[in-house]
Structures are given as structure tokens and as C-alpha cells.
Amino acid sequence: MEGLLLFILLLPAILLAATIPYLTRKTELFGVSIPESVSRRSDINRMRKQYAYRTGITSILLTGLIVAGHYLYPAYLTENIMAVIMLIPVVVVPAAFYIPSHKELKKLKFKEEWFNDQHTERRIVNTSFRSQKPVYSFYWFAIPALVILATALLAYVKYDSLPSRIPTHFDFQGNADGFSAKTPMSVASIPLMQAFLLVVMLGVNIGIMKAKQQIDSANPVKSLEQNLVFRRIWSGYSIITSVLITALFLMIELISFGMFPERAGTYISLALAFLMVIGAIILSFKTGQGGSRLNGASGKETAFTNKDDDEHWKGGIFYWNKNDPSFFVEKRFGIGWTCNFAHPLSWIVLGGIILVPILLSLL
Amino acid sequence: MWMEINFESETPIYTQLVQAVMKGIAAGELKAGDPLPSVRSLAGDLGVNMLTVNKAYQQLKQEGFITIHRKKGAIIESAETRAASEGQLQRMAEKMYPIMLESICRGLTLEDFQRLSATVHHQILLEKE
Numbered sequence: 001m002e003g004l005l006l007f008i009l010l011l012p013a014i015l016l017a018a019t020i021p022y023l024t025r026k027t028e029l030f031g032v033s034i035p036e037s038v039s040r041r042s043d044i045n046r047m048r049k050q051y052a053y054r055t056g057i058t059s060i061l062l063t064g065l066i067v068a069g070h071y072l073y074p075a076y077l078t079e080n081i082m083a084v085i086m087l088i089p090v091v092v093v094p095a096a097f098y099i100p101s102h103k104e105l106k107k108l109k110f111k112e113e114w115f116n117d118q119h120t121e122r123r124i125v126n127t128s129f130r131s132q133k134p135v136y137s138f139y140w141f142a143i144p145a146l147v148i149l150a151t152a153l154l155a156y157v158k159y160d161s162l163p164s165r166i167p168t169h170f171d172f173q174g175n176a177d178g179f180s181a182k183t184p185m186s187v188a189s190i191p192l193m194q195a196f197l198l199v200v201m202l203g204v205n206i207g208i209m210k211a212k213q214q215i216d217s218a219n220p221v222k223s224l225e226q227n228l229v230f231r232r233i234w235s236g237y238s239i240i241t242s243v244l245i246t247a248l249f250l251m252i253e254l255i256s257f258g259m260f261p262e263r264a265g266t267y268i269s270l271a272l273a274f275l276m277v278i279g280a281i282i283l284s285f286k287t288g289q290g291g292s293r294l295n296g297a298s299g300k301e302t303a304f305t306n307k308d309d310d311e312h313w314k315g316g317i318f319y320w321n322k323n324d325p326s327f328f329v330e331k332r333f334g335i336g337w338t339c340n341f342a343h344p345l346s347w348i349v350l351g352g353i354i355l356v357p358i359l360l361s362l363l
Numbered sequence: 001m002w003m004e005i006n007f008e009s010e011t012p013i014y015t016q017l018v019q020a021v022m023k024g025i026a027a028g029e030l031k032a033g034d035p036l037p038s039v040r041s042l043a044g045d046l047g048v049n050m051l052t053v054n055k056a057y058q059q060l061k062q063e064g065f066i067t068i069h070r071k072k073g074a075i076i077e078s079a080e081t082r083a084a085s086e087g088q089l090q091r092m093a094e095k096m097y098p099i100m101l102e103s104i105c106r107g108l109t110l111e112d113f114q115r116l117s118a119t120v121h122h123q124i125l126l127e128k129e
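Chains B and F are the protein sequences, given in the same order.
According to my numbering, the first sequence is numbered sequentially starting from 1.
According to my numbering, the second sequence is numbered sequentially starting from 1.
Keep in mind the hints are simulated off the structure, nothing from the lab.
Keep in mind that a hint or two might mislead.
[Claimed, not checked] Partial pick of chain B residues on the chain F-facing surface, computed with a CB cut under 7 Å: (1) 19; (2) 23; (3) 26; (4) 124; (5) 127; (6) 212; (7) 307; (8) 323; (9) 324; (10) 325.
[Stated by the list, open to error] The following label-pair restraints were derived from C-beta to C-beta distances: (11) B:275 with F:69: 45 to 51 Å; (12) B:112 with F:90: 49 to 55 Å; (13) B:111 with F:107: 35 to 41 Å; (14) F:75 with B:133: 41 to 47 Å; (15) F:4 with B:275: 54 to 60 Å; (16) F:108 with B:113: 48 to 54 Å; (17) F:22 with B:131: 43 to 49 Å; (18) F:72 with B:347: 42 to 48 Å; (19) F:126 with B:131: 46 to 52 Å.
[As the list claims (entries may be wrong)] Computed list of lysine-lysine pairs in DSS-like fashion (alpha-carbon distance at most 30 Å, straight line): (20) B:107 with B:210; (21) B:314 with B:111; (22) B:300 with F:72; (23) B:286 with B:111; (24) B:158 with B:307; (25) B:212 with F:55; (26) B:49 with B:106; (27) B:212 with F:72; (28) F:95 with B:158; (29) B:314 with B:182; (30) B:212 with B:158; (31) F:55 with B:133; (32) F:71 with B:300; (33) F:95 with B:210; (34) B:133 with F:71; (35) F:23 with B:212; (36) B:322 with F:71; (37) B:103 with B:300; (38) F:61 with B:322; (39) F:95 with F:55; (40) B:26 with F:61.
Note that this is a predicted model, so its numbers are computed, not measured.
Ideal placement from N, C-alpha and C gives every residue a C-beta, glycine not left out.
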């Protein structure tokens, strides 16, 4: 049962991963910056198609194998192992096909000298960009904050009446299969986790607001409009997921206090997870990276092209630019933003995101 | 307001920034009291070192086109403050000297030159988005 659910959840994610080449900005592909005219060429389109089919089919087959393996050998392919192995079709396979595509495109760019004859490279920015409300108000985060407060209050009020061992892990049927001793720390771990995730989502919203302006020089007015809508959409998504995740944790607390049916809880958790993943995927297809698939206000086309930033994009995936004070920049091959790894904050944030949940789980 | 930077130009980037702000003021897009982005955010958006943007802002401040508040950041100065002082008029005349030299050497009369000036003047004032 859970294998099938996993398959259903992974399929859209694989679909997204396989079709990224169609969702990037028109001036970028496989982590290489290209002229827009090249982007429309048939040989380039063939590269996109090849990547999509190879990634899609390989990932789906692999996922099928893993799910079958889980059915046949449930003792070996446990839930925890599955969670790790699932990374292979969703992350490793696309990466494996990305690398040769990236190299091939880079070689082609060098051979055909796509940018060498042009003196049309400009970087165009708008000084009033951030005063045009790129993200939704931070006051929206008061909603999940109130839920956290309620969660913490409930834990405080009910603490004494709880049994000395509380259920903290449930299987897919909703039956409790893991318990912890009741201590102030173990009970506080849920509100603490909620608070940590709220901080992360707040950080995401701040990041989206401050992220580097990346405007296509070929049509700056349209690009600006698209990018503002793009940022707002993902800002909204971060707020909604923040509310949903916080509510989810409240429900988990209620279940472990025996105040909410476990079975229903399992279904709700799965439904919410599904909703958030599918939501992200649908939005990704709708917006395209940077809003490139959105209908922007028609702007005047210029004769300019974007500045070639290839040197700062290591492998076309990792941005490293010491001279750029930006922390958040748009991904080159994907939807959303990535960090400037030359910025020390990137390492602090990454470290925090990895360490804090580990520390919380040890409580 | 739009700003356009050419990384391959002979004109240094900070000079391009100074001219971009001045163009904004000249075209009426930037009015007295309007804010400019912070050094950090503009440097980030352009992908240049903060020192470069800082240099441009410092020059604009020295010329009296902007003022830099500790909290509010860079603000466009009022028309009165921007008005040419004796020293600034003299410096403008000095900058015009080589152009006038070329003009005379190439046989332009004063009227020809004035006509040329008018063209450039119109070009700037008409260059709005």
C-alpha cells in the first residue's frame, strides 16, 4: 500500500525533474547561458527531448524496481532505507543525465562562439524593483505563529495528565510503533520543530524579497513583470506551506496525546504532503523559472543580451561569486533560488538546516 | 528607473552608474527626495563589488546630486542644492574645452555648435522610457 503511495508521490516529482529543460529561462539551458535565438534551434530542442526521455524513463523504471523490491523484501527495504534510496531516481538519475548535456552544450557554445562577436551584453536593473511588493506581507506568518502558540500551550496544559510514555512514531496504518519517555524536552520538541520551520519559511520569504534582480536584457519590461509575479507566487506558496506544516505538527501532537484518531491522522498527513508537492509542481509548470512561462506585460524589445555569467556558475549548478554581495540568486537549472556559495551566510544557513533538526531529534 | 550597465565599455562601471543617476534626474524620473537603492542591494542586483557602487554614490554626493542619510540611505537632492556653483560652472567649462577645441578645428561656427548642443540637450530630455 505504502509502496503505491510512494510511487504516486514520486511520479510528479520525476516528471518535473525530467522536464526542467523546458522550464528554464530562454537564455539558459543545462546550466549554460545561451542566446535566445539558439534556444529555439532544432538541435537544441533535440537535446532537451533526449534529456527528458532518458531521465523520465530511467527514473520511473528505477522507482518501479524499488517499489517492487519493497514488496518482495520488506525486511531489507525498510521505510528508512526507502527514504534514502528514493533519492536515486529523483536526484541522482537527473544529475547523471545533466552532466553530459551540460558538457555537450558548453562545448557547442565554445565551438560556435555564441557570444564572442556581440557587443550587446548589458546588465539591466530597475531601481524601484523592491518597492513594487515582490513578496506578500510578513504579517501573514502570524497565522502559523498563532498555531505554534496554541500547540505549545496545549502541551503545557496537558503535560501532567499525559502517560509516562507517549507515542512518537506511527506506521502507515496509524498504529503507534515508537514511544518516548515523557519529559519536558520530548514534549517541547514538537513546538520547537514548528518554530524552527517557521523561521526557515520566514527566511525563504525574506530571501525571495532580497534575491538578486535578474532581468532579461532583451525585454526588460516584460521580464520585470514576470519576475514580480513569479516571486509573489512562491512567496504565497511559502506562507501556505508554513501554515499547513505547522497545522500538521499540531495534529501530530494531538495524536500523540490521544486526542485525535491515528488512522485519520495518517491519511491527512499523506494528503497534505501530496498537496504541497503537487502544488509546487503545478506552480513550477505554470511559472517557469523566473516567471518565463507567465504572460508578462508586453514590453519593448531591445537589441541587448544578458551578460554571460558562466564563469561564476560551477558546473552550471553552483553559484560562486565573491564580488557579488547577493545571497540568493535564481537557479540556472531548476525552479526557484539557490545561494551564492561565496557568501559565508550560505554555509551558516546550510549548517543550521542540517544540524537543528538532528539536534531536535536527539532531545 | 531603469539602469543599464555595459561591462565591456571603456567607461568604468562607477562612472556609468553616476551617469545613469544623472540621466534619471535630467529626464525627471528621479525627483528631489526620491531614494536610490542601498549600496548593498544595487551592488547585488548588478553583480558588482559594493566598493564600486559606493564610489559612484560618493561621487554623486560630492557633486551635490544626492545626500546620504544614515538611516534612509541615498536620497536625490533638491534642485536648489543641485544648482551650479561658481566652481562647478568652471569645471563644466573645463570639460567643454576639448570639445570646443575640436569644434573650432573642424570649422564649426558658434551657431553650428549651439545647434549640436541643442540636439544633445533634446536627446537627453526626450529619452524617457
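Against the structure, the hints:
no. : hint                         : verdict
1   : 19                           : violated (29 Å)
2   : 23                           : violated (23 Å)
3   : 26                           : violated (20 Å)
4   : 124                          : holds (5 Å)
5   : 127                          : holds (5 Å)
6   : 212                          : holds (5 Å)
7   : 307                          : holds (6 Å)
8   : 323                          : holds (5 Å)
9   : 324                          : holds (5 Å)
10  : 325                          : holds (5 Å)
11  : B:275 with F:69: 45 to 51 Å  : holds (47 Å)
12  : B:112 with F:90: 49 to 55 Å  : holds (53 Å)
13  : B:111 with F:107: 35 to 41 Å : violated (51 Å)
14  : F:75 with B:133: 41 to 47 Å  : violated (21 Å)
15  : F:4 with B:275: 54 to 60 Å   : violated (43 Å)
16  : F:108 with B:113: 48 to 54 Å : violated (42 Å)
17  : F:22 with B:131: 43 to 49 Å  : violated (21 Å)
18  : F:72 with B:347: 42 to 48 Å  : violated (32 Å)
19  : F:126 with B:131: 46 to 52 Å : violated (26 Å)
20  : B:107 with B:210             : violated (34 Å)
21  : B:314 with B:111             : holds (20 Å)
22  : B:300 with F:72              : violated (33 Å)
23  : B:286 with B:111             : violated (34 Å)
24  : B:158 with B:307             : violated (60 Å)
25  : B:212 with F:55              : holds (21 Å)
26  : B:49 with B:106              : holds (18 Å)
27  : B:212 with F:72              : holds (21 Å)
28  : F:95 with B:158              : violated (80 Å)
29  : B:314 with B:182             : violated (48 Å)
30  : B:212 with B:158             : violated (47 Å)
31  : F:55 with B:133              : holds (29 Å)
32  : F:71 with B:300              : violated (36 Å)
33  : F:95 with B:210              : violated (40 Å)
34  : B:133 with F:71              : holds (21 Å)
35  : F:23 with B:212              : holds (24 Å)
36  : B:322 with F:71              : holds (26 Å)
37  : B:103 with B:300             : violated (34 Å)
38  : F:61 with B:322              : holds (27 Å)
39  : F:95 with F:55               : holds (21 Å)
40  : B:26 with F:61               : violated (39 Å)
Hint violations for this structure: numbers 1, 2, 3, 13, 14, 15, 16, 17, 18, 19, 20, 22, 23, 24, 28, 29, 30, 32, 33, 37, 40, all remaining hints satisfied.
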